[in-house]
Amino acid sequence: DFKIGDKVVTTYNYGPTVAKPYFWPVVTLGENRVTRDWPMLQDSSEAKDHKHQKSIWFCHGDVIPEGIELKQKTKGVTGVDFWSEETNFGKIVCVKVGKIEGKASTASVSTMNEWRTADGVKILDETRSFTLETAGNGYLIKMSTTLVASVCPITFGDTKEGSFGVRIRDSVTEKEKKGGILTNASGKQTEKDVWGIESPWCDYSGPCDKGTAGITIIADSANALKSCWHSRGYGLMAANPFGREKAGFPDRKGNKELVKLPKDGVLKLSFGLYIHDGSAIEAKVKEVAGK
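So my numbering is basically just the index in the sequence shown, starting at one, shifted up by 29.
Some clues are possibly wrong.
As the list claims (entries may be wrong) - Just the calculated beta-carbon pair ranges, DEER-fashion:
| # | residue 1 | residue 2 | range |
| --- | --- | --- | --- |
| 1 | N284 | I129 | 15 to 23 angstroms |
| 2 | G294 | T116 | 23 to 31 angstroms |
| 3 | N284 | S74 | 35 to 43 angstroms |
| 4 | G105 | P291 | 36 to 44 angstroms |
| 5 | N284 | Y263 | 25 to 33 angstroms |
| 6 | Y263 | I310 | 19 to 27 angstroms |
| 7 | S73 | G208 | 37 to 45 angstroms |
| 8 | G208 | M141 | 46 to 54 angstroms |
| 9 | G216 | K77 | 28 to 36 angstroms |
| 10 | M141 | L70 | 45 to 53 angstroms |
| 11 | E274 | G216 | 22 to 30 angstroms |
No wet-lab data here; the hints were simulated from the structure. Don't be surprised by glycine CBs; every beta carbon is placed ideally from N, CA and C.
The task is simple: from the sequences and hints, build the whole structure.
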């Protein structure tokens, strides 16, 4: 559990039955639940689609272990599918959780994960670290990941299905037409104008039980790979640093250069999650994301 004062604002879920770790529930300081409760709560009245989109997560939809024969594969995926959770999907297994370090204004923890094929064969090692701190109209969760190709060379496939994602609650979505809206760093809004566009951040805000609230995903400016956005009106918002021309992203048209790691190669990425009350303007997303 992650707490601010005596309130649990989110929980990091992992375990043997979990396909990939995820944050849920996610609650603002104003007590708005901003991510979808289904399928974690089966009796939720929310849309029952895309069961793999569990609140907040990190993965990729096509991870290719060069030189390893895959006995089980997801249809249409060259390597291992860590995204869909439909058939023959891979799992990201948390194998170690470090000591939680707490200070007056921050808390941090590091975890160790193994990315495994549908057959249970490890193809990647990952160190994933989180830091929680208050910011603006809410709080900021900073995530850094270090992916190590410890077993074999790795290629990250060209797919839109990735990578650091949020599934917002139904009332916030553009689809519901209650005022929910996607906004990126250039001021572009709605799925039509933010999907597949490179941007340092993207925000999804709209009406919740106790007023307007939202989430911003921030791609660290120090990342070697810039992110395009797989963001949809039905509630998905995801930063994808791996998608290229086949993903269909307008800002990657003509780019066929896949992200590759040699054996023992390392890839480091960092992202932020700004969980806030108020609209993107009221929450001063631009200022928080720029820090």
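Okay, the hints, checked on the actual structure:
1. Roughly 40 angstroms separates the CB atoms of N284 and I129, a value that falls outside the hinted 15 to 23 angstroms.
2. Between G294 and T116 the beta carbons are some 29 angstroms apart, a value that agrees with the proposed interval 23 to 31 angstroms.
3. As the Cβ distance of N284 to S74 is approximately 41 angstroms, the hint placing it in 35 to 43 angstroms holds.
4. Range check, G105 to P291: Cβ separation about 27 angstroms, and the 36 to 44 angstroms hint is violated.
5. For the hinted restraint 25 to 33 angstroms between N284 and Y263, the CB-CB distance of approximately 27 angstroms keeps it satisfied.
6. Checking the proposed 19 to 27 angstroms range against Y263 and I310 shows it holds: the Cβ atoms sit about 24 angstroms from each other.
7. Checked against the given bound of 37 to 45 angstroms, the beta carbons of S73 and G208, roughly 21 angstroms apart, lie outside it.
8. Judged by the Cβ atoms, the range 46 to 54 angstroms given for G208 and M141 is violated: they are separated by roughly 41 angstroms.
9. Range check, G216 to K77: Cβ separation about 34 angstroms, and the 28 to 36 angstroms hint holds.
10. For the pair M141 and L70, the beta carbons lie near 29 angstroms from each other, so the given range of 45 to 53 angstroms is not met.
11. Distance hint check: the CB atoms of E274 and G216 are about 26 angstroms apart, consistent with the given range 22 to 30 angstroms.
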